[in-house]
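Taken in order, these protein sequences are the chains called L and R. To convert, note that position 28 of the first sequence is 28 in full-length UniProt numbering; the numbers rise steadily by one, no gaps. To convert, note that position 1 of the second sequence is 1 in full-length UniProt numbering; the numbers rise steadily by one, no gaps.
To be clear, the hints were calculated from the coordinates, so they are not data collected in a lab. Among the hints, a few may not be true.
Copies of the same chain look alike in the list, so a pair counts if it works inside one copy or between any two.
When the alpha-carbon atoms are kept at most 20 Å apart in a straight line, the in silico SDA-like pairs for lysine to any residue are as follows [to be verified]:
| hint | residue 1 | residue 2 |
| --- | --- | --- |
| 1 | 10 | 28 |
| 2 | 2 | 53 |
| 3 | 19 | 48 |
| 4 | 10 | 74 |
| 5 | 19 | 43 |
So you can see what is in the structure, the chains are spelled out below.
Protein chains: 2
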Amino acid sequence: MKARVTVTLKTGVLDPQGKAIEGALKSLGVSGVASVRQGKVFDIELDAGDQAKAEATLKAAAEKLLANTVIENYRIEVVG
Amino acid sequence: MKARVTVTLKTGVLDPQGKAIEGALKSLGVSGVASVRQGKVFDIELDAGDQAKAEATLKAAAEKLLANTVIENYRIEVVG
Chain L
1 MKARVTVTLK
11 TGVLDPQGKA
21 IEGALKSLGV
31 SGVASVRQGK
41 VFDIELDAGD
51 QAKAEATLKA
61 AAEKLLANTV
71 IENYRIEVVG
Chain R
1 MKARVTVTLK
11 TGVLDPQGKA
21 IEGALKSLGV
31 SGVASVRQGK
41 VFDIELDAGD
51 QAKAEATLKA
61 AAEKLLANTV
71 IENYRIEVVG
């Protein structure tokens, strides 16, 4: 079973890396970009066969390791 | 206009960071994870009003800066 966990910064949390990308895009001549925020994505392959078990595993992984829930949101998608 | 660019490693490219996450999940007692591959996600706000122009800007950004097309794939989604 395949799944994707997307981790993004919460609104209001400063993102210096995103700001740097904005600046770099401007320097490279890519115009029309108002703002950039960077996040992480984890493509996970699971042994679990059923959806409920897969979601429980992914939630544990996200809470324990993949996301810092103080400053980050995470979203779980089971692709199938 | 909002958009998301997702950058992932091409198949066959080694992902030591993903391997490290796999190991860490095992140590933390999260079982049932067969493999992990890490990628990046960019949430981009655009000035452009029309879809075609937005997609052209995003393609330029991805090709020039966000993705290393030798080892990475990118996917553009205009969220609206």
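Against the structure, the hints come out as follows:
1. 10 to 28: Classified as neither: same-chain Cα gap 28 Å, cross-chain 25 Å, threshold 20 Å.
2. 2 to 53: within (13 Å within a copy, 33 Å between copies)
3. 19 to 48: Close across copies (19 Å), not inside one copy (39 Å); limit 20 Å.
4. 10 to 74: within (9 Å within a copy, 23 Å between copies)
5. 19 to 43: between (26 Å within a copy, 12 Å between copies)
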